[in-house]
Every structure is written in structure tokens, then in C-alpha cells.
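Q: Here is how the chains run, residue by residue.
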Amino acid sequence: MGAYSLNKVLRDINRNPGIREEFFKSKDSVLDRYDLTDEEKRAIRELDIGTLYRSGAHGLILRPFTLLHQVPEPDYLKAIRG
Amino acid sequence: MSIVFACAGSHAPGITAWTEKAPKEQVDRFVNGYKSVHEELVASKPDTILLLTSEHWANFFLDHIGAFCIGRGESFEGPLEPWLRVAKSNVPGNPALANAILEHCYENGFELNYSDELKLDHGSMVPLSFITPQMDMKVVPLMFNTLATPRPTARRCLALGRTLRPLLEESGERIAIVATGGLSHDPGEINHGFIDRAFDSEFLESLTNADLDRLGAYTDAEILKAGAGTLELLAWICLAGIMGEKRPRVVAYEAVEPWATGVGIVSYAEAA
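Chains A and B are the protein sequences, given in the same order. Residue numbers for the first sequence follow our numbering, so the first one is 1 and each next one is one higher. Residue numbers for the second sequence follow our numbering, so the first one is 83 and each next one is one higher.
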């Protein structure tokens with residue numbers, strides 16, 4: 001699995017209520033603590049699911065991340081298959 | 083004989099989180115299957131559940147991967163997922179039994195990883211919510227790495243089961259063994275929704291025939307073709323290694339498209 005830091009930040013938001021709460025209040029305060037490219041930060045900020053998937057976000061990390069944003073399954077699948 | 087009950091069942095999150103998205107007849111058959119194994123487990127009066135299970139980057143990430151990890155905690159918090167529709171619990175552990183298993187394994191060629199603090203995600207909490215709904219039975223989780231490569235081989239998982247058997251049989255505790263995960267699914271990936279019914283049917287046949295040679299011969303690539311999530315069946319293969327010549331029966335199998343998983347339950351109890 002590539003994209004170590006990308007998966008790490010999404011996973012931390014998924015599994016840590018404190019980081020999750022902080023992320024939803026101020027995304028950059030969380031994102032700046034990880035070794036991410038500007039494009040990865042943008043894709044996370046804008047919930048650009050297709051870019052995140054193509055950048056190497058693992059399905060079992062990306063799908064739960066999108067569930068936190070109430071993204072319906074058909075929309076998620078369309079975005080990763082796009 | 084201190085193994086008083088054994089079963090295996092799927093842990094797809096849809097089972098609890100989007101139950102009603104699935105056709106009612108399928109849900110009823112599957113949930114009734116879990117209800118009947120719950121009754122079988124209760125009737126066997128176990129002291130502890132040994133949970134052969136897997137997880138989804140909940141505890142383990144590429145900062146540290148081990149093939150197998152046993153939980154020695156006094157209790158385990160779960161579920162991690164706020165959307166799972168399973169109430170948050172502290173599932174009681176059994177550190178004494180976990181340590182006995184661990185020492186036995188080290189003496190017999192399996193240096194398991196161990197943790198005094200594991201979190202349980204849907205991989206454990208979904209089946210536990212049916213099998214021990216009050217979440218008051220002691221659980222020893224034994225987690226299998228089914229995500230990061232390389233993974234333990236089916237042969238190795240079968241051998242782990244065979245290694246565990248004498249320790250469990252001689253235990254003073256009454257032990258129920260529950261394996262979780264599978265069957266065919268590829269969650270969150272481009273092939274999400276693909277269910278390999280032929281694979282599932284062949285796997286269940288090998289299991290119900292106690293065809294240990296076949297079960298130990300499954301390759302990583304072979305299982306992966308049925309979907310990445312199918313690798314959770316490594317825990318079922320370990321269970322087959324523990325149970326040896328005993329033949330389980332299929333309690334339920336449904337290819338549930340809204341859950342994107344071939345969900346199944348098998349039980350080693352004699353049918354009533």
C-alpha cells in the first residue's frame with residue numbers, strides 16, 4: 001500500500017474521536033500535522049474521492065472516511081470508478 | 083472435552099448498519115441463523131469465547147503488522163465505528179486464558195504478537211452482537227492479518243489451529259470458538275459488490291467435508307480472486323484446524339448484494 005501518510009491521516013480521523021472532532025472544526029489544523037502533499041490536502045479538504053482513491057487511499061480506510069461525511073454508497077462507487 | 087461449541091459467521095457491517103437495505107427474506111434467514119447459533123452457544127454453557135477474527139486497520143496499520151495477535155486485555159472497547167448501530171461496550175477479556183494460549187503457542191512454534199489493549203471494530207462486534215447480545219461473556223480475541231501483504235498462508239493458519247487444539251481441549255474452562263469474516267467480498271474497492279458464489283460454495287463444501295488438505299492448500303492469489311475481504315476466511319481455516327475431523331453444517335448462506343458480501347454461518351454443534 002503506497003500513500004502512507006494519506007492513509008494514516010484518514011485512518012486517524014476514522015478511529016480517533018478527538019482527531020475527528022478537531023478535523024471537522026478545522027481541517028488544516030489536523031492536515032498540517034501529517035506529511036501530505038498540497039494536492040493530497042486539497043483532495044481531503046474538498047472530499048475529492050476519485051483523487052483520493054487514485055492517490056492510493058485504501059478502500060477500507062476511504063469508504064469509512066466518506067461514511068463520516070454521509071456519502072451514499074452509489075456516489076462513492078461512482079467516484080472511485082470514475 | 084473443553085471445546086463446548088464452535089461456529090463461524092460473517093461480520094459484514096451492512097448486517098447491522100444497513101440491515102433494511104437488504105431483501106427481507108434474506109435478512110430473516112440470515113439473522114435467524116445467528117439467533118440459532120446464539121441458542122446453541124448458550125446451551126453449551128461456555129465460560130469464554132475464543133474469537134478468531136480480523137479487523138480493518140482498527141488496531142494495526144503499516145507502522146506495525148503481525149500475522150497473528152492475541153488480546154490479553156481485561157476488556158476490549160468496541161465498536162470503533164459510530165455508524166455501525168451496535169451499542170458501545172466494554173467486552174470482558176480473559177487474560178489468564180489468553181496468556182495460557184500465548185505460552186503454549188511460543189512453546190510450539192508460533193510466536194504470536196500480543197496486545198494488552200485492542201479495540202474491536204465491526205469484524206468482532208457484529209458477530210458478538212448476535213452471539214452474546216448482552217456483551218457479558220468473556221472474549222479472547224485472536225486477530226489475523228488479512229489486509230497487508232504478506233499474509234499468513236492458509237497452511238500456516240491450519241497449522242495454528244492444530245497447535246491450539248490440545249491446549250483448548252485440556253483447558254479447565256469451557257470454551258466456545260467463534261471465527262468471523264468472509265465470505266466473498268471486495269469492500270470499498272472498484273469491484274465492490276462482486277460476490278463469487280462459486281468460490282463460496284466450494285469453500286463451504288470443503289469446510290463441511292472437513293477437507294483439511296483442500297483448506298490448507300488455498301493460496302493467497304486464489305482467495306484474492308473472490309475479493310480482498312475473502313481473505314478473512316483464514317480465521318475459518320484456523321478453526322477447521324482446531325476442529326480436525328469434525329464436520330460443521332451450513333446454518334445460513336446468502337449472497338446479499340446491498341451488503342456487497344456472500345454472508346454465511348456454519349455451526350459445529352449437532353443439529354437439534
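Because the hints were derived from the structure by calculation, they are not lab data. Using N, Cα and C, we set each Cβ at its ideal position, and we do this for glycine too. Check each hint, because a few of them may be wrong.
With a straight-line Cα cutoff of 30 Å, these simulated DSBU-like cross-link-like pairs (lysine-lysine) come out [to be verified]:
hint	chain 1	residue 1	chain 2	residue 2
1	A	Lys78	B	Lys127
2	B	Lys170	B	Lys117
3	B	Lys170	A	Lys8
4	B	Lys106	A	Lys8
5	A	Lys41	A	Lys8
6	A	Lys78	B	Lys117
7	B	Lys106	A	Lys25
8	A	Lys27	A	Lys41
9	B	Lys201	A	Lys27
Ranges of calculated distance between the beta carbons of each label pair, as one might list FRET restraints [claimed, not checked]:
hint	chain 1	residue 1	chain 2	residue 2	range
10	B	Glu287	A	Leu47	26 to 34 Å
11	A	Gly50	B	Ala169	29 to 37 Å
12	A	Gly56	B	Glu352	30 to 38 Å
Q: Assess, step by step, whether the Cα of Lys78/A is no farther than 30 Å from the Cα of Lys127/B, and give holds or violated.
A: This hinted pair is violated, its Cα atoms lying about 48 Å apart.
Q: Is the straight-line distance between the alpha-carbon of Lys201/B and that of Lys27/A 30 Å or less?
A: Measuring from Cα to Cα gives roughly 25 Å; hence the hint holds.
Q: What's the verdict on Lys78/A and Lys117/B, does the C-alpha distance respect the 30 Å limit or exceed it?
A: 36 Å, violated
Q: Using the beta carbons of Gly50/A and Ala169/B, state whether their distance is inside 29 to 37 Å or not.
A: Once the Cβ atoms are compared, 35 Å apart, the range 29 to 37 Å for Ala169/B and Gly50/A holds.
Q: Within a Cα-Cα threshold of 30 Å, do Lys170/B and Lys117/B meet the stated pairing?
A: Holds, at roughly 21 Å.
Q: How does the Cβ-Cβ distance of Glu287/B and Leu47/A compare with 26 to 34 Å: does it lie in that range?
A: Given a distance of about 43 Å, which is not inside 26 to 34 Å, the answer is violated.
Q: Given the hint that Lys27/A pairs with Lys41/A, does the C-alpha gap stay at or below 30 Å?
A: 9 Å, holds
Q: For the pair we were handed, Lys106/B and Lys8/A, check the Cα-Cα distance against 30 Å.
A: 38 Å, violated
Q: If you draw a straight line from the CA of Lys41/A to the CA of Lys8/A, is it 30 Å or shorter?
A: 13 Å, holds
Q: For Lys106/B and Lys25/A, compute the direct alpha-carbon distance and say whether it is at most 30 Å.
A: Since the Cα atoms of Lys106/B and Lys25/A sit roughly 40 Å apart, the hinted pair is violated (cutoff 30 Å).
Q: Taking 30 to 38 Å as the hint, is the beta-carbon distance of Gly56/A and Glu352/B inside that range?
A: Hint violated: Cβ distance 49 Å, outside 30 to 38 Å.
Q: Checking one constraint from the list: CA of Lys170/B to CA of Lys8/A, max 30 Å. Satisfied?
A: 24 Å, holds
Consistency note: the structure conflicts with the earlier hints numbered 1, 4, 6, 7, 10 and 12.
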